[in-house]
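Novice: FYI, in mature numbering (1 follows the signal peptide of the UniProt record, and there is no 0) the residues of the sequence shown are -24 to -1, 1 to 142.
These are calculated hints, taken from the structure and not from any lab test. Zero decoy hints are in this set.
Pairs of lysine-lysine, DSS-like flavour, derived with a Cα cap of 30 angstroms: (1) LYS113 / LYS72; (2) LYS30 / LYS61; (3) LYS72 / LYS30; (4) LYS130 / LYS72; (5) LYS30 / LYS44; (6) LYS126 / LYS72; (7) LYS61 / LYS134; (8) LYS96 / LYS119; (9) LYS44 / LYS72; (10) LYS49 / LYS72.
Here are the simulated distance ranges between beta carbons: (11) THR34 / GLN118: 46 to 56 angstroms; (12) ARG91 / PRO10: 45 to 55 angstroms; (13) PRO122 / GLU46: 29 to 39 angstroms; (14) SER43 / ILE97: 34 to 44 angstroms; (15) PHE41 / GLN128: 35 to 45 angstroms; (16) PHE101 / ASP9: 49 to 59 angstroms; (17) MET20 / ILE106: 26 to 36 angstroms; (18) SER43 / ASP66: 17 to 27 angstroms; (19) ASP9 / LYS44: 13 to 23 angstroms; (20) ASN74 / GLN114: 17 to 27 angstroms; (21) ASN8 / LYS62: 26 to 36 angstroms.
Cβ atoms here follow ideal geometry from the backbone N, Cα and C, with glycine treated the same way.
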Amino acid sequence: MTNQLRIQFFMTLFILPFCLTVFAEETVQKENDPIERKVILQRMYLDGELSEEKLTETIWSMEDFWSKYEGWKVVDQNEEQIVMKKIENDISPLLKANGYLGMRKDGTLSIFIGRPEHAKIIHTFYQIDIGKLEVYKQEELQKGIPIMNKDQYKQLIKEYEPYSVN
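When you get a sec, could you build the whole thing from the sequences and use the hints?
Specialist: Written out as structure tokens, the structure is:
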């Protein structure tokens, strides 16, 4: 072996491990760096309303991240974002704030945002047999009954069920 080859051989022997060590340290450092992900939280409420909350999470530990969102179901996930969904055992904040149970002109029991006359329908239930319905209940539904909470919501739906057209 020539001297030049010997020098190259020994340099490779000493420099290669050094380079590998530096590369390994950089890899470990990158693995310890936090990752950022867009997180979309979808909440499905009893009244059929779906809300979405978008945020950016800095994730230091996947274990901590998943424990933070315990009870959420992953709907979609890629390198940029994670979409999670949760079914809430409550009515939506929108319904609590401005929701009314009422009747459309065709006699269908519906939930409105705002009073039924000019409001947007967000959920429809069933056709009501108006002939069976007392006059004061018809008037109540035409004006709209404000919905304040989950219990009242369930009670009202149940109350009008006997009047449904089969």
